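**Student:** Sequence:
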Amino acid sequence: MKRYFFFLFVLVLSGGCTSPPQRYALGGEREVVVFYTPELEPVLEYLDSSINLKVSTPQPDSLYHFVPVVPDSYDTYRGYKNLLILTCEECENYGQFSGIIDGRSGLLTARGVYSPDDYALILTAQSKRDLMYSISNFALPVDSLLRGRIYELYRRRAFYVGRNKKMEEKVRQKYGIEMEIPLGWYILKGTELQDTILFMGKHNPDRFFFVYKTQYDYPLDVETLLQLRERIASVYYPGDYVLRDYVVQDRMYGVDRGVCFYSVWQNDKEVAGGPVKTCAYYDGNYFVMYDIAVFAPRKEDKLQYILRAETIIRTLKIIR
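Residues in the sequence shown are numbered from 163 upward in steps of one, following the working numbering.
Bear in mind the hints are in silico, worked out from the structure with no lab data behind them. Check before you lean on any hint, since a few could be wrong.
[As the list claims (entries may be wrong)] Quick list of simulated restraints, FRET-style, between CB atoms:
#  : residue 1 : residue 2 : range
1  : P459      : D412      : 42 to 48 Å
2  : P233      : R413      : 30 to 36 Å
3  : D292      : R318      : 50 to 56 Å
4  : E331      : D292      : 52 to 58 Å
5  : R393      : G446      : 22 to 28 Å
6  : G310      : D264      : 31 to 37 Å
7  : E340      : E201      : 47 to 53 Å
8  : Y348      : T386      : 43 to 49 Å
9  : S211      : T386      : 26 to 32 Å
10 : E331      : N366      : 22 to 28 Å
11 : R318      : D412      : 20 to 26 Å
12 : R393      : L188      : 53 to 59 Å
The structure displayed is predicted, hence computed values, not measured ones. Ideal Cβ positions, reconstructed from N, Cα and C, are used throughout, including at glycine.
Whole structure, please, built from the sequences with the hints as guidance.
**Tutor:** In structure tokens form, the structure reads like this:
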């Protein structure tokens with residue numbers, strides 16, 4: 163009993179010396195609160211149709227979960243993680259954001275608008291008509307910035323346990339790949355030949371990816387990549403195949419030559435399946451392909467595990 167009170171006393175004293183825990187903003191990583199007015203609904207509809215990727219996991223899902231909010235409800239949604247503000251000088255909501263906009267127009271970004279942890283994109287123009295005319299030019303930049311924010315948030319979740327520096331060094335020395343790896347991931351298989359394959363996985367739920375690098379010059383088209391993926395799967399994922407009917411091509415930012423697509427993998431013998439994302443690009447003389455698959459039959463949001471794993475691969479560098 164004396165020992166218990168001693169440790170309790172030490173815990174209370176040490177607690178007084180620690181910094182308060184960081185408070186994160188509200189909402190999910192892919193939830194985007196949209197402050198707009200009904201007159202700007204066509205702008206939001208255009209963004210939703212042009213950049214909000216619709217995929218199957220195999221249940222229908224989307225990259226962004228837009229939450230439209232009209233002026234009367236703004237107060238309820240201040241403090242959420244991701245904000246998209248649609249306004250114009252002649253719009254009724256302009257006065258609420260004029261301090262952030264400060265007379266500018268176009269696509270703006272801001273952090274800490276209502277919460278220290280929030281991130282806001284502002285699309286603004288002089289008139290509703292100007293905003294409608296310019297939205298097609300801003301759609302892809304909006305998509306790129308929102309994706310960057312999503313990866314930032316998912317990296318926070320993927321790496322909160324810390325990095326496995328020993329495994330990073332092993333991957334670097336053995337496979338010629340430099341990559342940041344969180345604790346909890348493990349190497350399943352790999353080859354150290356000129357054509358390198360690194361296969362990694364993690365449980366709870368099961369998710370796994372492979373990285374393939376070679377100096378062979380593959381064409382960057384979906385069918386070639388599907389066939390290549392199936393040849394690799396025959397060794398590493400016996401019995402798996404990709405359902406062509408679910409293939410949805412995605413944009414790939416940050417590379418000059420690249421192809422990316424989502425689909426659904428299936429294994430009839432194991433009675434299993436789930437979402438998969440496959441991407442390929444060129445890094446100098448190297449063709450690089452990565453493939454992320456998830457098996458989480460009791461999870462509703464399976465897409466998050468694809469994106470969380472992708473935050474690891476986004477750190478990948480070919481060193482030899």
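**Student:** Against which earlier hints does the structure fall short, listed by number upward?
**Tutor:** 1, 3, 6, 8 and 12
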